[in-house]
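Asker: Heads up: the sequence shown at position 92 corresponds to 105 in this note's numbering, and the numbers run straight through without jumps.
In short, the hints are calculated from the structure, not lab data. Glycine included, every Cβ here is placed at the ideal spot set by N, Cα and C. Watch out, some of these pointers could steer you wrong.
Said to hold, decoys possible - Pairs of lysine to any residue, SDA-like flavour, derived with a Cα cap of 25 angstroms: (1) 20 x 66; (2) 159 x 84; (3) 56 x 125.
As the list claims (entries may be wrong) - Taking CB as the label site, the calculated pair distances span: (4) 47 x 17: 31 to 39 angstroms; (5) 62 x 20: 30 to 38 angstroms; (6) 37 x 128: 23 to 31 angstroms.
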Amino acid sequence: MSERIFKGRAVVKGNASAEALVSKGGFNTLASYQHSLMFGDKKGKCSDQNNPDLYKKEMAGKALCLPQTIGSTTGGLVLYCAACMERQPACLLFSKEIDSLAAAGAVLAAVWTDNPMPTVDSLGDEFLSYVRTGDRITVLEDGSVKVER
């Protein structure tokens, strides 16, 4: 087994350990969670057919690894609603800087629900090149992210 540690900025501090789910493209929050939030899919399967890395894969409880979010201004509210409905990822890990909408959703989930999503950004392109779906991820409060295979 091998492991690497990446250091980013802790946007929402917390500890998490989960299986990685990796998207190399931008994450459209609304398109990805729309089916889950509207039709009761408790596993949070990705409904964004334009994201081949995630389409039809379970997002709930996973370490969601992505470059950035894209799409609608509802992104933060969608993340907050996913947390309210217990369909949120275990953590959000961004290779680039987080956008204000995704940050708002992660902060709202941490403050207003019992289902926080530790969130780390600025992990770098090397992080996203290294991590693979299925790797074991451990997130620490200081923004350190351990990837184990």
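Asker: Please go over all the hints and tell whether each is borne out by the structure.
Answerer: Outcome of the hint check:
no. : hint                         : result
1   : 20 x 66                      : holds, 24 angstroms
2   : 159 x 84                     : violated, 29 angstroms
3   : 56 x 125                     : holds, 21 angstroms
4   : 47 x 17: 31 to 39 angstroms  : holds, 34 angstroms
5   : 62 x 20: 30 to 38 angstroms  : holds, 34 angstroms
6   : 37 x 128: 23 to 31 angstroms : holds, 27 angstroms
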